[in-house]
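Undergrad: Protein sequence lines correspond, in order, to chains A and B.
According to full-length UniProt numbering, the stretch in the first sequence is residues 1 to 453, in order.
According to full-length UniProt numbering, the stretch in the second sequence is residues 1 to 453, in order.
Any given hint could be a false lead.
Each pair may be met inside one copy or between any two copies, as identical chains are not told apart.
For lysine to aspartate or glutamate, the following DMTMM-like pairs were computed, each having C-alpha atoms within a straight-line distance of at most 20 Å [stated by the list, open to error]:
hint, residue 1, residue 2
1, K162, E53
2, K121, D419
3, K72, E45
4, K87, E45
5, K57, E90
6, K198, D157
7, K126, E114
8, K283, E260
9, K29, D252
10, K162, D190
11, K29, E237
12, K255, D222
13, K162, E114
14, K255, E218
15, K255, D419
16, K354, E45
17, K354, E147
These are calculated hints, taken from the structure and not from any lab test.
Here is how the chains run, residue by residue.
2 protein chains.
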Amino acid sequence: MQKSLNRVQEAFLRLVHNRAYSHAYNALKQMHPADLAQLLPYLQEREQQWFVETLLKTRKLGGVISELDENKVLEFLELVPQEEFVKVLEEINADDAADLIAGLPEGQRQEIFERLSGSQKKAVGKLLGYAPDTAGGIMSPEFVSMEQTLTVGEAIDQLRAKASGEKEEIYNIYICDADDQLVGVVSFRDLVLSPPDKTLQDIMERNPVAVRPHANQELVADMIARYNLLSVPVIDENHRLIGRITVDDAIDVLKEEATEDIYHLGNLAQEDHISTPVWTSAKPRALWLLINLGTAVLAAATISLFSETISRFVILAALMPIVSGMGGNAGTQSLTVVVRGLALGEVDWSLALKVIWKELAVGLFNGVIIGAVIGVLTYLWYHNLTLAMVMVLAMVGNLIIAALAGAFIPLLLRKLRQDPALASSIFVTTATDVGGFLLFLGLSTIFIKLIIS
Amino acid sequence: MQKSLNRVQEAFLRLVHNRAYSHAYNALKQMHPADLAQLLPYLQEREQQWFVETLLKTRKLGGVISELDENKVLEFLELVPQEEFVKVLEEINADDAADLIAGLPEGQRQEIFERLSGSQKKAVGKLLGYAPDTAGGIMSPEFVSMEQTLTVGEAIDQLRAKASGEKEEIYNIYICDADDQLVGVVSFRDLVLSPPDKTLQDIMERNPVAVRPHANQELVADMIARYNLLSVPVIDENHRLIGRITVDDAIDVLKEEATEDIYHLGNLAQEDHISTPVWTSAKPRALWLLINLGTAVLAAATISLFSETISRFVILAALMPIVSGMGGNAGTQSLTVVVRGLALGEVDWSLALKVIWKELAVGLFNGVIIGAVIGVLTYLWYHNLTLAMVMVLAMVGNLIIAALAGAFIPLLLRKLRQDPALASSIFVTTATDVGGFLLFLGLSTIFIKLIIS
Numbered sequence: 001m002q003k004s005l006n007r008v009q010e011a012f013l014r015l016v017h018n019r020a021y022s023h024a025y026n027a028l029k030q031m032h033p034a035d036l037a038q039l040l041p042y043l044q045e046r047e048q049q050w051f052v053e054t055l056l057k058t059r060k061l062g063g064v065i066s067e068l069d070e071n072k073v074l075e076f077l078e079l080v081p082q083e084e085f086v087k088v089l090e091e092i093n094a095d096d097a098a099d100l101i102a103g104l105p106e107g108q109r110q111e112i113f114e115r116l117s118g119s120q121k122k123a124v125g126k127l128l129g130y131a132p133d134t135a136g137g138i139m140s141p142e143f144v145s146m147e148q149t150l151t152v153g154e155a156i157d158q159l160r161a162k163a164s165g166e167k168e169e170i171y172n173i174y175i176c177d178a179d180d181q182l183v184g185v186v187s188f189r190d191l192v193l194s195p196p197d198k199t200l201q202d203i204m205e206r207n208p209v210a211v212r213p214h215a216n217q218e219l220v221a222d223m224i225a226r227y228n229l230l231s232v233p234v235i236d237e238n239h240r241l242i243g244r245i246t247v248d249d250a251i252d253v254l255k256e257e258a259t260e261d262i263y264h265l266g267n268l269a270q271e272d273h274i275s276t277p278v279w280t281s282a283k284p285r286a287l288w289l290l291i292n293l294g295t296a297v298l299a300a301a302t303i304s305l306f307s308e309t310i311s312r313f314v315i316l317a318a319l320m321p322i323v324s325g326m327g328g329n330a331g332t333q334s335l336t337v338v339v340r341g342l343a344l345g346e347v348d349w350s351l352a353l354k355v356i357w358k359e360l361a362v363g364l365f366n367g368v369i370i371g372a373v374i375g376v377l378t379y380l381w382y383h384n385l386t387l388a389m390v391m392v393l394a395m396v397g398n399l400i401i402a403a404l405a406g407a408f409i410p411l412l413l414r415k416l417r418q419d420p421a422l423a424s425s426i427f428v429t430t431a432t433d434v435g436g437f438l439l440f441l442g443l444s445t446i447f448i449k450l451i452i453s
Numbered sequence: 001m002q003k004s005l006n007r008v009q010e011a012f013l014r015l016v017h018n019r020a021y022s023h024a025y026n027a028l029k030q031m032h033p034a035d036l037a038q039l040l041p042y043l044q045e046r047e048q049q050w051f052v053e054t055l056l057k058t059r060k061l062g063g064v065i066s067e068l069d070e071n072k073v074l075e076f077l078e079l080v081p082q083e084e085f086v087k088v089l090e091e092i093n094a095d096d097a098a099d100l101i102a103g104l105p106e107g108q109r110q111e112i113f114e115r116l117s118g119s120q121k122k123a124v125g126k127l128l129g130y131a132p133d134t135a136g137g138i139m140s141p142e143f144v145s146m147e148q149t150l151t152v153g154e155a156i157d158q159l160r161a162k163a164s165g166e167k168e169e170i171y172n173i174y175i176c177d178a179d180d181q182l183v184g185v186v187s188f189r190d191l192v193l194s195p196p197d198k199t200l201q202d203i204m205e206r207n208p209v210a211v212r213p214h215a216n217q218e219l220v221a222d223m224i225a226r227y228n229l230l231s232v233p234v235i236d237e238n239h240r241l242i243g244r245i246t247v248d249d250a251i252d253v254l255k256e257e258a259t260e261d262i263y264h265l266g267n268l269a270q271e272d273h274i275s276t277p278v279w280t281s282a283k284p285r286a287l288w289l290l291i292n293l294g295t296a297v298l299a300a301a302t303i304s305l306f307s308e309t310i311s312r313f314v315i316l317a318a319l320m321p322i323v324s325g326m327g328g329n330a331g332t333q334s335l336t337v338v339v340r341g342l343a344l345g346e347v348d349w350s351l352a353l354k355v356i357w358k359e360l361a362v363g364l365f366n367g368v369i370i371g372a373v374i375g376v377l378t379y380l381w382y383h384n385l386t387l388a389m390v391m392v393l394a395m396v397g398n399l400i401i402a403a404l405a406g407a408f409i410p411l412l413l414r415k416l417r418q419d420p421a422l423a424s425s426i427f428v429t430t431a432t433d434v435g436g437f438l439l440f441l442g443l444s445t446i447f448i449k450l451i452i453s
């Protein structure tokens, strides 16, 4: 469960905090870029300056920056002189460089891009042409491709020459025909296990799964996860190989998408992290809160319809949030199950009736349970049987509303090709707030004579 | 975004629905087990029977079952005769078989296990000894290990003999010394690129990262994701290799953990899916709702402290849920960011002050924004300046409470080695409900003379 820092990182931080910089320098040289990438927030301002300078000196900055999410790169960059940053961008993989440039504030983006030189500029330019959440936006344009007429022995010889210059891990060799069209794939395993005089054509897997550059990144990640792939080739409209997406890219996408779902359920924008500045976090949250405020005002208006009833029996004011609140909780439960089921591909619109029916049954069941408990409590508290019965009926009714709204709203949003997590929690709590107050105060108004007698 | 069914799956379903069973049979034979695994809920009862029988006939059932989450296997198993199921368990990988058996109802578990034969029984028995959420619980006991004194050429020869019988993908060769202790790892890439007369000792990566069988699965998945690994070896206390965990296992764990976090934030237990029976879903949800009911009663008790004030000015009853509700929304925002930050390893207790300070600033900022808006609205609605001022003060105060609770509670839970997502939303909404009612009704009571004059 302890996910934060490992022992190596903690030891390094102690050295820095104790100003044992030469020891820290040696420790840093041994550390994995992914471990170093996590440390910036744990350092004081002066230590951060030393840290970044040391990463530059030891030529580790590129590796570290490649490991960072876009939202955390900006913090690093404030500490790096622009010319050094450009140098780093030229050293790292083109796809990482493109991600970093895409994450820069608009003003700097063009400026930094223009300063790149030659081949890296060309590669990065191509990648920047794809939207960041597509296959093209996450693919690496670096891969090993060979012609199918080569023998296994020749392929291995070529590989020795090529692989030494490669920056990224290679998992397999893509086989292309004379027109550069993708026709097959050969894994290292097949290469090792095949006699050297066989041709690649003989051992390759034909018609491998491939994706187009504008395919949604989520779809690609899902494909890699579902079929247990190590990489997926990306091909253009002429079936020519233009890049590949590896399983570690897929993991990043899956994490990103999980964060997005969790954030949308919590009424948050995606660019909101612990390390983002106050203003960057506060602005989008304020927007969501304002939308929520609208629904809260709606609920308040519902209540004020019944001020006459409340003024005659003020205890209702204390009891009414119980009905609306429990509806909100139960609705969130249904919503969460359906949103997650949609994200994991367990359900779609064609199963909507089945899903709604099941949630309805759960809502009815739990409505009876919770209604019974709160009914007894209300009776014990106020010795008023009618009030207790109103409480039971309102609770059962609102938990049914909660189940229907929680199941139906995300399914409908998906059917309309919207993100089922986005804003659905607002719709659901609006339904349960307004529904809860209407039911409880409406029933109370009907039975008010019995209640106050 | 369309994650549910792909074209192959949809075409297959059409064939089945149209009772074109012989075409469907041929289509099924070509389909990937992962694609087939998803389809059960989309079939009618009679179709399901045909489906499972056909999977058995085509010997695809094992592959399909291996792709299923434990919570979905039971549905399948109801359709398979026990003796057939035992046969399937003997064909699939030992780790998948162990997962399936671990997911069975307690009564059947021992019975099915006893019916396994020989080597599979032994392998499964060992794996069942580890908790399901540990490295031991998810590892595969099937791997390729060789002695370091072999040459590359000899290794390739051995591999040809071994690999043909292997059921799972092999990504690398583990190198063990004479005492079976893990000393290195050789990737296929290194094997391909090294001259055949070199020894494995010369080319292996020494002291590879390894984990113990009782390590938490989340930690292992995190390690694989962080260092972009394809697999991690599992070693016992004597440093002997006992299994390996591959990147596709890590992806499953990451998905599972994301589901767990989302569920805990939505007050749900983990075994609750769209396909789980009503009763299995309803029971744990009812438990959570009962806990929530406790906090709702607490909030109601807070309100009833002020029934005197409310009876003198009944409009307060309509306005008070705005303050508590907005606090709940803002608190959920802070909570979500901090819980996700903890899950992604971006933060730990040592950064607590920094995090709380930032959330406090966001809370104050948004408190002023939302307070101003609702203040103006209240004034326009009721033409009561004191009431509007009370609303502003209560809103700012409650959004500060929301920020503090949302940031502090998950950090504290992590510090206490609890799951920061579990139950924290209940603590936060209790704080914002009680806090909101206390602030708004308390201030109203203090200024009641000014309000009703």
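Undergrad: Run the structure past the numbered hints and jot down the numbers of the failing ones, going up.
TA: Violated hints (numbers, rising): 1, 2, 4, 9, 11, 13 and 17; every other hint is consistent with the structure.
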